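S.K.: So the chains spell out like this:
Protein chains: 2
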Amino acid sequence: MNEKLVEILKFNDQGLIPAIAQQHDTGEILMMAWMNLDAIQETLKTGQVCYWSRSRSALWRKGESSGHIQTLKDFRVDCDGDTILLQVHQEGVACHTGRRNCFFYSVEDDTVSINSDVIVAPEDMYKK
Amino acid sequence: MNEKLVEILKFNDQGLIPAIAQQHDTGEILMMAWMNLDAIQETLKTGQVCYWSRSRSALWRKGESSGHIQTLKDFRVDCDGDTILLQVHQEGVACHTGRRNCFFYSVEDDTVSINSDVIVAPEDMYKK
Chain H
1 MNEKLVEILK FNDQGLIPAI AQQHDTGEIL MMAWMNLDAI QETLKTGQVC YWSRSRSALW
61 RKGESSGHIQ TLKDFRVDCD GDTILLQVHQ EGVACHTGRR NCFFYSVEDD TVSINSDVIV
121 APEDMYKK
Chain F
1 MNEKLVEILK FNDQGLIPAI AQQHDTGEIL MMAWMNLDAI QETLKTGQVC YWSRSRSALW
61 RKGESSGHIQ TLKDFRVDCD GDTILLQVHQ EGVACHTGRR NCFFYSVEDD TVSINSDVIV
121 APEDMYKK
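Protein chains in written order, with this note's numbering: chain H, 1 to 128; chain F, 1 to 128.
Simulated from the structure, these hints should not be mistaken for laboratory data.
Computed list of lysine to any residue pairs in SDA-like fashion (alpha-carbon distance at most 20 Å, straight line):
| # | chain 1 | residue 1 | chain 2 | residue 2 |
| --- | --- | --- | --- | --- |
| 1 | F | K45 | F | E64 |
| 2 | F | K45 | H | S113 |
| 3 | F | K73 | H | E108 |
Per the computed footprint, the stretches of chain F lying under chain H, defined by three or more beta-carbons under 8 Å from a beta-carbon of chain H, are:
| # | stretch |
| --- | --- |
| 4 | 14-25 |
| 5 | 28-40 |
| 6 | 64-78 |
| 7 | 86-98 |
| 8 | 101-108 |
Predicted model only: the values in this text are computed from it and were never measured. Glycine included, every Cβ here is placed at the ideal spot set by N, Cα and C.
Only chain H is shown next, with the shape it has when bound in the complex (with noise of 0.2 Å):
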């Protein structure tokens, strides 16, 4: 393992960091989801992102069953070591929901509208 990284990684109490995932091409935010020092150690490794699942309490290759994978193609720390940036390439879909990104609730006054469309159906995210 780097040990520089080592010492500037700050990881909270549960032993995670949150990780940002961005399209390294066109800075679309993906998601953000949770690393342990195994899935930082993973995804440096074999250049395709490895999350922890806090639900599931294991490491979580993404894409891994559904084919929606991402491939590092940067891996960022913030100034503070308490931060990750994924710069990816993501096949496919980042979002269970079959979105191709996570963030699709948009917030005005007292509204909250879906800004995005369902590019894969929910029941076939998983059939590979």
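With chain H's structure known, arrange chain F on it following the hints.
M.R.: Just chain F now, with coordinates in the frame of chain H:
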């Protein structure tokens, strides 16, 4: 307060939600910070981004002392309601180190390099 928004949002045990700030026209990811309900309400009401400072346990009106304010362009929430995306116009620089954005550590193999320049000298950050 927008009732539908309150239904969607999921705060953590500390009553906070992570918020990503992105420059609305270039896609640059500027920083990640935290918001509580008061910070969200103030941001939506004023159109100027306000976070919750975990170190000071106080509302953090971004740019209040430095002039490096963030003007809200779009307020997005993700599929799970546990992450906010603020599309903003950043005046000056987002990072307390005087860099445009906070994600200046780039990690590759065994090296960590710094990939952006200081634009404002840190000692000048809070002299308005």
